[in-house]
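Letter by letter, the chains look like this.
Number of protein chains: 2
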Amino acid sequence: MEKLIERFRQRDRMALSKLITMVENNSPQILDIMGEIYSPIGKARVVGVTGPPGAGKSTLIDKLIRSYRQAGHTVGVLCIDPSSIFGGGAFLGDRVRMQRAYRDDGVYLRSLATRGALGGLVPRIGEIIKILDAFGIDIIIIETVGVGQLESDVIRYSDTKIVVSVPGLGDQMQTLKAGILEIADVLVVNKADLPGAQNVVDDLQMMLYLRKESDWTPEIVLTEALSDQGIPELFQAIQRHQDYLSRSGLREFQIKRHREETCLYAVQETLKRFTEELVQEKEDIRNILKTVREGGINPYKAAEDITQLILDKGINGRW
Amino acid sequence: MEKLIERFRQRDRMALSKLITMVENNSPQILDIMGEIYSPIGKARVVGVTGPPGAGKSTLIDKLIRSYRQAGHTVGVLCIDPSSIFGGGAFLGDRVRMQRAYRDDGVYLRSLATRGALGGLVPRIGEIIKILDAFGIDIIIIETVGVGQLESDVIRYSDTKIVVSVPGLGDQMQTLKAGILEIADVLVVNKADLPGAQNVVDDLQMMLYLRKESDWTPEIVLTEALSDQGIPELFQAIQRHQDYLSRSGLREFQIKRHREETCLYAVQETLKRFTEELVQEKEDIRNILKTVREGGINPYKAAEDITQLILDKGINGRW
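So the sequence lines, in the order shown, correspond to chains A and B.
All residue numbers for the first sequence refer to this note's numbering, where the first residue is -16 and numbers rise by one.
All residue numbers for the second sequence refer to this note's numbering, where the first residue is -16 and numbers rise by one.
Just so you know, these hints were derived from the structure itself, not from any lab.
Owing to the predicted nature of the structure, the values given are computational and were not obtained by experimental measurement.
Incorrect hints may have been included.
Where chains are identical, the list cannot tell them apart; a pair therefore holds if satisfied intra-copy or between any two copies.
[What the hints assert, rightly or not] Here are the simulated DSBU-like pairs of lysine-lysine, each with C-alpha atoms no more than 35 Å apart in a straight line:
(1) Lys273 / Lys(-14)
(2) Lys26 / Lys273
(3) Lys273 / Lys255
(4) Lys239 / Lys273
(5) Lys239 / Lys195
(6) Lys(-14) / Lys284
(7) Lys239 / Lys284
(8) Lys1 / Lys284
(9) Lys195 / Lys296
(10) Lys(-14) / Lys265
(11) Lys265 / Lys26
(12) Lys195 / Lys(-14)
(13) Lys195 / Lys284
(14) Lys1 / Lys273
(15) Lys(-14) / Lys26
(16) Lys255 / Lys296
(17) Lys(-14) / Lys1
(18) Lys195 / Lys1
(19) Lys296 / Lys284
(20) Lys239 / Lys296
With the rest of the complex left out, here is chain A (with noise of 0.2 Å):
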């Protein structure tokens, strides 16, 4: 362990993955590991970026790959594909097409299972956020196509959050209505070429009129994102709303509560390690759970049994 700490200190890509897929998995060392590595900091801005399947996500976010390592900046893009298990159609053909960015050391691409084994497993995004951050990566992208769980997640963690519209979607009107816009912080317009571009315009212009009064507006941005139009201004656009973040205060804010988050996390992290490795060892705890086994107990009032047990006895020799 202590090997792989060396080695993703001295930014060796390979440990970089090794650890992300050790938070994938849950691994019980991960909490350790983070407490080594974990930067107070907290350099790295983080872009969401989510929008329906076909709005063009993926080569926009090629393009904003490319500016911000023309701004000298590195990158980190995390890609959820929740739809992995069907479809996944696009999917592929995308990652093929930005595979050019991979060549360059400057930029770490990664897919992000959201189904696990069985048992399931919601990536830690806020994990992964972290060891990005910890790596030296200035720009994390984050995909989605704002699903379930994970969502939440990206919204929470994301300093900027951009929702992509495309013209011509018969669903454009159900996204408009999912709230999804409340968060948003950048507006996309892509693939503004095609017709209706301009209702999709109206459209977000009369949410945003809708929209509860704050003091950032949302900017809305065309872009052709294939032939690189509007895409220096969503680069802008962005900066403008991290500045933003910056200057309001906000963003200090959000540090704060993320390290809190992290605490408290980890706290329910090591209490839930610890009952499990209790739950093995302790010959009263196994007999309670045989008699729940076997229809004994109602499982709920055994658990009170247990968890009177564990908080009684705690950790310290009194068993």
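Chain B: place on chain A using the hints.
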């Protein structure tokens, strides 16, 4: 709360819905309520139905509901819609079609949100199944498009797992490859009147041939759900699998495993709540967290201190 439990026991559907909502919202009272209403017998049979969007799952389930009603069973359907932010086009239409079933007191339909509030919430399928079971529902059908975390939970809690295929979907083979077939107990080829149905059957048979030896060989059923073709055969196939589970002792094994898992889940939840309370109440913990927020301690190191405090002082007035 006692009134709610009382109404639930009198089979008040509003009380049933309310309890499920409480699970969805992770209400602090839910563990106590579960302890009260828990039925150790686990009478309900759970049928999981999964397959790509457009495979006709909702129509198929509609027909299954009728079959089970005709056989004198009460039915609960849980629809899991992970794409509720974007798309969900078919979803509304399908629900309207299924509304008819609502007017039957022996049928309970419920959509479960998977995105939840900020902070993310995966509905606890296991708890919701136990609530429906305690309510006296005989057959619980869970519909999912097979995405992410929830997929695993559905698999874990389904006695009989049905995978629906359909001719002409380009990514059919992706589906086959993704390992979901390995868990199927019954394979349905729906829309079997479409060209290519036999190809799908051939593909499935090839996959089954490659599958690990097992006492149960999944049956392949051709259906045209819209015109009721093959529905009785599907009903029978599910029945045969359920009989196999009982006969082989697998069902009893599963029930015991679920009892134990329920208990361990309740232990973890109770400890989590207990910790959350302590974090609010105890000055020593609040002080540590304050330093964490200000960047004065590594959050992971601080977590060790807090965990130690909690386990040392436990529950009974050692604070």
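Going down the list of hints, with the structure as the test:
With identical chains, the CA atoms of Lys273 and Lys(-14) are at most 35 Å apart between copies only, with a shortest distance of 33 Å across copies and 41 Å within one. In the homo-oligomer, the alpha carbons of Lys26 and Lys273 lie at most 35 Å apart only across protomers (21 Å), although the nearest pairing inside one protomer, at 50 Å, exceeds that limit. For the identical chains of this complex, Lys273 and Lys255 are neighbours both inside a copy (20 Å) and across copies (23 Å), given an alpha-carbon limit of 35 Å. In this assembly of identical chains, Lys239 and Lys273 lie within 35 Å of each other by CA distance solely across copies; the values are 9 Å between and 44 Å within a copy.
Taking the shortest Cα distances, Lys239 and Lys195 sit within 35 Å of each other inside one copy (25 Å), while across copies they are farther apart (51 Å). Within a single copy, Lys(-14) and Lys284 get their C-alpha atoms only as close as 45 Å, which misses the 35 Å cut-off; across copies the closest is 20 Å, which meets it. For the homomeric pair Lys239 and Lys284, the shortest alpha-carbon distance between copies (16 Å) is at most 35 Å, but the shortest distance inside one copy (39 Å) is not. For a Cα distance limit of 35 Å, the shortest separation of Lys1 from Lys284 across copies, 22 Å, qualifies, whereas the shortest one inside one copy, 41 Å, does not.
Neither within a single protomer nor between protomers do Lys195 and Lys296 lie at most 35 Å apart by alpha-carbon distance, with minima of 51 Å and 45 Å respectively. Taking the shortest alpha-carbon separations for Lys(-14) and Lys265, only the intra-copy value of 34 Å comes in at or below 35 Å, while the best inter-copy value is 39 Å. In this homomeric assembly, Lys265 and Lys26 come within 35 Å of each other (Cα to Cα) only across copies, at 32 Å, whereas the closest approach inside a single copy is 44 Å. Taking the shortest alpha-carbon separations for Lys195 and Lys(-14), neither the intra-copy value of 51 Å nor the inter-copy value of 39 Å comes in at or below 35 Å.
Taking identical chains as interchangeable, the C-alpha atoms of Lys195 and Lys284 are never at most 35 Å apart, the minima being 46 Å within one chain and 40 Å between chains. Taking the shortest alpha-carbon separations for Lys1 and Lys273, only the inter-copy value of 32 Å comes in at or below 35 Å, while the best intra-copy value is 38 Å. In the homo-oligomer, the alpha carbons of Lys(-14) and Lys26 lie at most 35 Å apart inside one protomer (25 Å), although the nearest pairing across protomers, at 53 Å, exceeds that limit. When the C-alpha separation of Lys255 and Lys296 is checked against a cutoff of 35 Å, the pair qualifies both within a copy, at 16 Å, and between copies, at 17 Å.
Proximity of Lys(-14) and Lys1 under a CA criterion of 35 Å is satisfied intra-copy only: 12 Å inside one chain copy versus 53 Å between copies. Taking the closest pair of Cα atoms, Lys195 and Lys1 come within 35 Å of each other only across two copies (30 Å); inside a single copy the shortest separation is 43 Å, beyond that limit. Taking the shortest Cα distances, Lys296 and Lys284 sit within 35 Å of each other both inside one copy (19 Å) and across copies (23 Å). In this assembly of identical chains, Lys239 and Lys296 lie within 35 Å of each other by CA distance both inside one copy and across copies; the values are 34 Å within and 27 Å between.
Hint check: violations occur at hints 9, 12 and 13; the rest are consistent with the structure.
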